[in-house]
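Fit chain B to the known structure of chain A by using the hints.
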Amino acid sequence: MAGRKKGRWHRMPSRVRKGKRKLASLLCAALALPGMEFGGAAQAQPQNEGVIARIKYQDYREYQNGGTHRMHIMAPSVMLSGPLSERTEFEFSSTVDVMSGASPFYHNTLTGASELGVSDKRRAVDLKVTHYFERFSIGVGGAISTEDDYFSRSPLVEARVWTPDKLTTLAAGFSFSNDRISSTNNPDLDERRRTNNMFLGVTQVLDQNSVLQSNLALSRSHGYLSDPYKPADRRPEQRNMFAWLTRYNRFFPASEGALHFDYRYTRDNWSLQSHMVEVAWFQPLGEHWLLRPGLRYYSQSSADFYANEFPPSDFEADYSADQRLGNFGSISPSVKLVREFGSGVSVDLKFEYMLQRPNLKLGSAHDSQIDPFHAAVISLGLVKRF
Amino acid sequence: MSRLIFSVLILFATGCAEVKPWQRGNLARPSMAFDPDPLESKMQQHLYQSKEGGFGGYGIGGGGCGCS
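Respectively, the protein sequence lines represent chains A and B.
Each residue of the first sequence is one higher than the one before, counting from 495 in the numbering used here.
Each residue of the second sequence is one higher than the one before, counting from 1078 in the numbering used here.
Worth flagging that the hints you see were computed from the coordinates, not collected in a lab.
As the structure is a prediction and not an experimental result, all values here were calculated from the model.
Don't take every hint at face value.
[To be verified] Below, computed lysine-lysine pairings styled on DSS-like, alpha-carbon distance capped at 25 Å:
id : chain 1 : residue 1 : chain 2 : residue 2
1  : A       : Lys724    : B       : Lys1128
2  : A       : Lys724    : A       : Lys615
3  : B       : Lys1128   : A       : Lys660
4  : A       : Lys622    : A       : Lys660
5  : A       : Lys615    : B       : Lys1128
6  : A       : Lys878    : A       : Lys830
7  : A       : Lys878    : A       : Lys622
8  : B       : Lys1128   : A       : Lys830
[What the hints assert, rightly or not] Which residues of chain B face chain A? A partial, calculated answer using Cβ under 10 Å:
id : residue
9  : Val1096
10 : Asn1103
11 : Leu1104
12 : Arg1106
13 : Phe1111
14 : Pro1113
15 : Glu1117
16 : Lys1119
17 : Met1120
18 : Ser1127
19 : Glu1129
20 : Gly1130
21 : Gly1131
22 : Phe1132
23 : Gly1136
Every residue, glycine too, gets a C-beta built ideally from N, C-alpha and C.
Extracted from the complex, chain A is given alone in its bound form:
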């Protein structure tokens, strides 16, 4: 490949070669900028950032029933990414979720109320290796996640193709997951769930300061989709979900700030529909600080077999009182502060508050019996670039 390039270069007229050299030197200057990746906005080439190690600790606490402490999750995680060769890079991550507290039995009645507190640990690892060719890239990888009562394996493959000017990138991906479900309450339970995920996306540089991405995702699950911890929970054995996500990023040179705007629509064959809007602003403060306030709004309409009652009126029909399948809206303000230190080290701290309420849902239909649900998430991160 290098030999071919050299040959082509020397066949060019000297005037063209000079022009190309000028362009190459400009590119080299650009590549020397921190975080600069030619074509990076359209995700059309290796990151060229060297090895990056990230560590994060997330603390999640949720509350319901007028302030009752419901669930506490501590989640330390690490991510390591970098080049394996000039055109190949890897990304590895690992997370442990340590859960304790009480999970809703049905509606908002807690297992903890009957002294059946929940305690579980989830360990997850995933690895992806991406090789970049001249006009496209191929990534392969997989993820494994284990809990006492849940085991999941999912291989994945993805491809990206970009135009010669690297302003447009098309992405496609496929993953397959094979899950095994048990229950600590019922050791005899041994069920399977299979899911196919398909993904298609396009990223387009619009101008010098803005980039747009639009993704379609289809997930098809088959098997045991009920929640073994919720009594009488009985869901259909097939779930097909369609998600359409559009993301728009715009840079404002005057303030050196960047706006991120995301909108997502989902719909499934359980009649559950959702809308999500998220806005974030990235503002550098001086040389070493970055402030990122954000606001996310989410609204969903319930699955058709969701019932705001317990016990169910018909034990033979599909039924769930899981409020995650009910009508609600959710609003989450967040703020993140990043401090850059020398020698490639940065530290970040993020706080997010989440409020779920039936009357935050778009439109009028809501289940007023469900108590508002609050969660507070604090995360502390450390990044080291080698």
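Using the frame of chain A, we list chain B on its own:
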């Protein structure tokens, strides 16, 4: 919904200016990446997925339940 999809397609088809490589400095800033902190995005999406009925669209990968 189809009107919204159509509007986005129109934006793609008409809204793109020619951007020379040396004009891409701002686009290459870390804050202009779709996921400037990929570990945060991964944890965040997992959290939302365990609390909400609608999910997906951010890419391929992940796995497991963590549904409590």
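Evaluated hints:
1. Lys724(A) <-> Lys1128(B): holds, 15 Å
2. Lys724(A) <-> Lys615(A): holds, 19 Å
3. Lys1128(B) <-> Lys660(A): Violated, at about 37 Å.
4. Lys622(A) <-> Lys660(A): holds, 23 Å
5. Lys615(A) <-> Lys1128(B): holds, 17 Å
6. Lys878(A) <-> Lys830(A): Given that 25 Å is the threshold and the Cα spacing comes to 18 Å, the pair holds.
7. Lys878(A) <-> Lys622(A): holds, 20 Å
8. Lys1128(B) <-> Lys830(A): holds, 21 Å
9. Val1096: holds, 5 Å
10. Asn1103: Holds: closest Cβ of chain A sits about 4 Å from Asn1103(B), inside 10 Å.
11. Leu1104: holds, 4 Å
12. Arg1106: holds, 6 Å
13. Phe1111: With a closest approach of 6 Å, the Phe1111(B) hint holds.
14. Pro1113: Where the cut-off is 10 Å and the nearest Cβ of chain A is about 7 Å from Pro1113(B), the hint holds.
15. Glu1117: Holds, because the Cβ-Cβ distance from Glu1117(B) to chain A comes to roughly 7 Å (cut-off 10 Å).
16. Lys1119: holds, 6 Å
17. Met1120: holds, 6 Å
18. Ser1127: holds, 8 Å
19. Glu1129: holds, 6 Å
20. Gly1130: holds, 5 Å
21. Gly1131: Where the cut-off is 10 Å and the nearest Cβ of chain A is about 3 Å from Gly1131(B), the hint holds.
22. Phe1132: holds, 7 Å
23. Gly1136: This interface hint holds because 6 Å falls under the 10 Å limit.
Figure legend: structure checked against the earlier numbered hints; the only hint not met is number 3.
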